[in-house]
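2 protein chains.
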Amino acid sequence: MNNNYIQPDSWSIIEEGFDAKHVKSTESLMSLGNGAMGQRANFEEHYSGETFQGSYVAGVYYPDKTRVGWWKNGYPEYFAKVLNAPNWIGINVTINGEALDLAKCIKVENFRRELNMKEGWLSRSFMATLHNFIEVKVETKRFLSLDIDEVGAIVYHVTPLNNDAQIDFSPYLDNGITNEDSNWDDKFWDVLSVNHEDEQAFIVSKTMKTHFYVCTSMQTQVSLNGTILKQDKIVNDAIDKIAFTYQNQVSKGDTITLTKFGGYTSDRNHDKNALVSEAKKTLNQVSELGFDTLLEKQRQAWAKIWDMADITIEGDVAAQQGIRFNIFHLNQTYLGKDARLNIGPKGFTGEKYGGSTYWDTEAYCIPFYMATKDQNVAKSLLEYRYHHLEKAIENAEKLGFTNGAALFPMVTMNGEECHNEWEITFEEIHRNGAIAFAIFNYHRFTGDYSYIPQKGLEVLIGIARFWQQRANFSEAKQQYVILGVTGPNEYENNVNNNWYTNYIAKWCIDYALETIERVEREYSSDFTRIMHKAKLSKSELSEWKAVADNMYFPFDEERNVYLQQDGFLDKELITVSDLPKRERPINQKWSWDRILRSPYIKQADILQGFYFFEDHFSTEELERHFNFYEPFTVHESSLSPCVHSIQAAKLNRMDQAYAFYLRTSRLDLDDYNHEVEEGLHITSMAGTWMSIVEGFGGMRIVNDTLSFEPKIPEQWEGFSFKINFRNQIIKVKAHKGQTHFELEGNQDLEILVHGNKVMISPNNLVTV
Amino acid sequence: MNNNYIQPDSWSIIEEGFDAKHVKSTESLMSLGNGAMGQRANFEEHYSGETFQGSYVAGVYYPDKTRVGWWKNGYPEYFAKVLNAPNWIGINVTINGEALDLAKCIKVENFRRELNMKEGWLSRSFMATLHNFIEVKVETKRFLSLDIDEVGAIVYHVTPLNNDAQIDFSPYLDNGITNEDSNWDDKFWDVLSVNHEDEQAFIVSKTMKTHFYVCTSMQTQVSLNGTILKQDKIVNDAIDKIAFTYQNQVSKGDTITLTKFGGYTSDRNHDKNALVSEAKKTLNQVSELGFDTLLEKQRQAWAKIWDMADITIEGDVAAQQGIRFNIFHLNQTYLGKDARLNIGPKGFTGEKYGGSTYWDTEAYCIPFYMATKDQNVAKSLLEYRYHHLEKAIENAEKLGFTNGAALFPMVTMNGEECHNEWEITFEEIHRNGAIAFAIFNYHRFTGDYSYIPQKGLEVLIGIARFWQQRANFSEAKQQYVILGVTGPNEYENNVNNNWYTNYIAKWCIDYALETIERVEREYSSDFTRIMHKAKLSKSELSEWKAVADNMYFPFDEERNVYLQQDGFLDKELITVSDLPKRERPINQKWSWDRILRSPYIKQADILQGFYFFEDHFSTEELERHFNFYEPFTVHESSLSPCVHSIQAAKLNRMDQAYAFYLRTSRLDLDDYNHEVEEGLHITSMAGTWMSIVEGFGGMRIVNDTLSFEPKIPEQWEGFSFKINFRNQIIKVKAHKGQTHFELEGNQDLEILVHGNKVMISPNNLVTV
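Residue numbers (the numbering used here), protein chains in the order written: chain A, 1 to 768; chain B, 1 to 768.
None of these hints come from the bench; they were simulated from the model.
Treat the hints with care, as some may be off.
Which copy? The list can't say, so a pair holds if one copy fits it or any two copies do.
Restricting the straight-line Cα-Cα distance to at most 16 Å, the calculated cross-link-like pairs of lysine to aspartate or glutamate (EDC-like) are [claimed, not checked]:
hint	residue 1	residue 2
1	206	383
2	187	240
3	398	254
4	21	677
5	352	675
6	477	549
7	107	517
8	72	636
These numbers come from a predicted model, not from an experiment.
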């Protein structure tokens, strides 16, 4: 772990000095996104060293044929892939005929990159000496506009330092791209047209199979020392590429600049025949505004986001940088504007994990969006699953379930399952539980019940039916059991009675039953509609209840702990501290069978249940289970440290809570898992937010009341965050010994602080 | 099941009438092989209907890149494939310029195919009317020579019936072949040269990656009404093909004949630079002999095989046909001449199951070869594993085992693992047990102990070490457990304490310990050599013993049965009779998770253990376990019915024994599993042999004595078989009420019949 080359800074991610070894890592870390498109921090000019090119258009995916060893019934035929989109950022540069290529310069000095998270832009500067001995200074800046989310903007300045030089810019669009994760260099795009008009160029292409139409476009402009040049250009177009070449004689010390706007219009948002004209419209609009005005708008847009979402940490710049890095990338990935989108585990920073939506959204991301955005954003995430309910029912039918039982996919782009390992796809069914839990959690936090009779209850019914059918009565145990599952801890496969799965299954049924009763009582017309649609009878409900009331939970009397699954205690109970360092991470060092046989836990499993259902268990129970399970936990899932940080804070183990916090917040910055090159861990970033707000801040909802128990790690002076609670904004500033609360809203709010009632009033600082 | 188109016949497999739906099935059923090469019953002339072309050279394989969903540590990088070899049988025929193609004739009458198992040849005859209204009679015969195992021979007669006609033969060689099971139409062969000389042609090619060099060759000759014609031919050669075309004017009623010899020479047996000259030598030799003489030698060779291996069944032609079909294909697949070869589950009849060697060899095939061939053949099969011991140790090291622990591969061509599903490759470790059991079984049957100090003990040590390391001590159970395995019943994955696995693990250690003691006592120089080589200490032996002496076996007190694995009784215990017919076979109708959760058993698992270790259990115990487990068994593995047939016979359930016998013996003939098109189930054919000899014949070795308990199913008059027991041949003829024993040997032999001692003397019929 710990590349340690990122400079500590509270608002920026800064790399100083050029090191080819860091290129791919930085490409991930400094990725840009605006919720609608994304771009890894690839260099604009040609780079012949190791690089991982990545441009992404939200919602544009490709269904690759499922490849497995031996086909098993029920596998989805296709495996959706995040698609590498046509490159719009490219600007090749030649200096006296020699290509500028950082891998090939004689010397690269003063190399510096900055991802300015406060304002949402990426800059790069360096001085390079080419083999022709021309020395140039290069300065670039780019951003993807939050305001006009179909474009990005780049300025690219070159100044010859030691001589006059001919400096040619060749800005281009390139549709000849493939996916890194494609095993066979398959192409996923069909190019339909390549056009240009004045200083604009357009490539229209469509994805194979899914037939998403996308127009990739650019508009370019050259200026000298800030004055726009009118000049001829050479146009080179090929079957899947187009480049403009501008030739410039530049005197020593003068600065020649290429400004490039570019991006995507797609038929997800426009008529497919209007993609070029829409692109033209957008390019005209942004070029009229100009780079600087657009950047100013970018600053304002990010200021607005930060105003609500920022978390400050005093006295610990690494921790401060970590949390902002997480909040920044979450906002780059998903802004809640498009209900068809969701939060991919790697966002727009890489291709891995194929599909876009995992249970990560419901288990980790919703709390962040619920508290830092308008509540409609979270609701939109719930509706995403509601829109996929029919496909979830079909998916369950494929596996042999009936009567409207719904199994939501493990991974999906469009509601269809697109994962293809039996032990995950068929068995990691606890995901259904998180989807129900998110409905509960949304109501608990927002107080908005209306979603449930409108839509949520139908989802709950499908899920409850699934659990009732998936459990079976064990004559031996005289209880209901759930056999053959994979729990959140994916270092166990096909186990029986995973405690977490059984627990959430029971909870889902109980919650559905309770919800049906309330909707019957309070929303009778919705009730009638839903009962009719779902063909639900009272006798079916009693079948559900039989399962929920008599569910089996593996338990060890001696240790007084629930067991992660049947047979857990038969393992050789060696803890992580017994494991030599050279054997970690075990997912890279051990064979799969050895991992499965070991007691080692990838991520919170029983403790995940204790996190979701905290108020079902006493602190003593939590402590006992934490003491038993955490020592076996290798935290090789990005989703593990955050939950443990929250629970350690609750148990007043502040050193542990702090260590887990650093691990979750700087997972990518410090590259704990040796894989940051492949992209960032976006969904776990929401877990980082939880570890501050719910961990150190101790935020909970207790009987409709917002409650805090602030605790400060020794390493910090204090921290602050804001919460949108039921349309009022509460700002919490915790310091050692005291916490300030401030309310931006219009009515008094009673909260709990360390269990005591505190009344806060609008614009009135309260200190506790 | 039951295509029911194969005519009942005691010595032949006969198909009458042309039905395109049967083409692929018959191609499998009537496959030819001679232990060195194989050929599906493809038509010689072009056939535009559905067909599965298959020619195979023993020992020539291809390591395809492993393709899996998500890579797991320990997977083998390559997955060996049985390779489709260049086609040498092709003879295209045109009649007045129109291609003879059975899929396109106006009429096909009197179509008949016969696989004559007694003599080892395949014939075909039919009358066809072409679109040009020419009516021809076609008669063909072909065989793969047992004597000269690098060639096959074909005669192809055509007689125009209603008119004179120009009949052209184009015999060819074709290297432009791929595998059916290749997902991507990959080519596996590089063609090096295409040559011809006189009436001979040669293609030399090599397999990619593995670099096996193979020369495919042919020699052709045309004759009219039996008189050889000297005539010109047209030669067409392409990059990977060569064809000779002979043009013939044939008068109505005359018969034009093409005789073709062809086959393979490979660098497995010859210098790679001499392949063409070796092929030439062989072609010259067989063409000098001529088709008829070679066929006569074929008859004699098969007569010799049948003299020893035949089983007769009186009064039941379907049963008779079934057993001969099984014995015939076993002998076509493996004759024990080449110690580098083994018995692939589909032999030379299809591509499926990739690698060549499974535990099937040790568990099912060795008894057949031991009893029907010279004992060196069985020894050669044992030595195959001895030669792979080092690779088995390497394989275990990849999975984290140490100190010479050996895990033999699940599937292999050359000792390296070439299967790629974790639940099989990493977990179906019971295979190691069968390999040790075969050593024990060889000694038990042949009385030859010499193999053990020479080679076998080293294998036993590697295996015992594996089991000792693979078990772990459960503090909870205070016994050793084996976690995370897949037993013989592959409808369970990653279970804990599979009874069969635990039992054979304990037995392997006990047997290794006992063998070490005996070798120390009786073969002290071997003992010293082996202990030194294996670095085995007495203290290590006591670690082994601790595991074997304190192994845990899941058991249910109430039912008084061992449990297939921990938690088996938590399943919904519905029997196969509860399963609607439309849901079977479950491996085609159910999703994998549903199969795993069900109690349904693919093949004998606990009962497989009761079969291997019969004398460890009372008949009452067998009966109890049979009664409990058989009702859950769907027998969807070809290896299941034979074991159940043997045990049903032992339990005097003759109807059940008979039904299982038919299922195993006619599995392919009646296509029980709806997949005979893909190839035959060769290894389970040895199980069919066991179900007669060990089931109905009741053959056992009891304290070094051959023992029989003949029982005759109601449907039969009687049955007979021969056994090579320690270099004397015993012929057993069972009739209702009495059994005859005849000894071909040179010394008296005491045997047991129904538990009573009977002395038999050479050439002296004894009736009991």
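Going through the hints against the structure:
no. : hint      : verdict
1   : 206 x 383 : neither (28 Å within a copy, 59 Å between copies)
2   : 187 x 240 : within (12 Å within a copy, 30 Å between copies)
3   : 398 x 254 : neither (67 Å within a copy, 61 Å between copies)
4   : 21 x 677  : within (10 Å within a copy, 54 Å between copies)
5   : 352 x 675 : within (11 Å within a copy, 37 Å between copies)
6   : 477 x 549 : within (14 Å within a copy, 30 Å between copies)
7   : 107 x 517 : neither (73 Å within a copy, 72 Å between copies)
8   : 72 x 636  : between (28 Å within a copy, 15 Å between copies)
Figure legend: structure checked against the earlier numbered hints; hints not met, in rising order: 1, 3 and 7.
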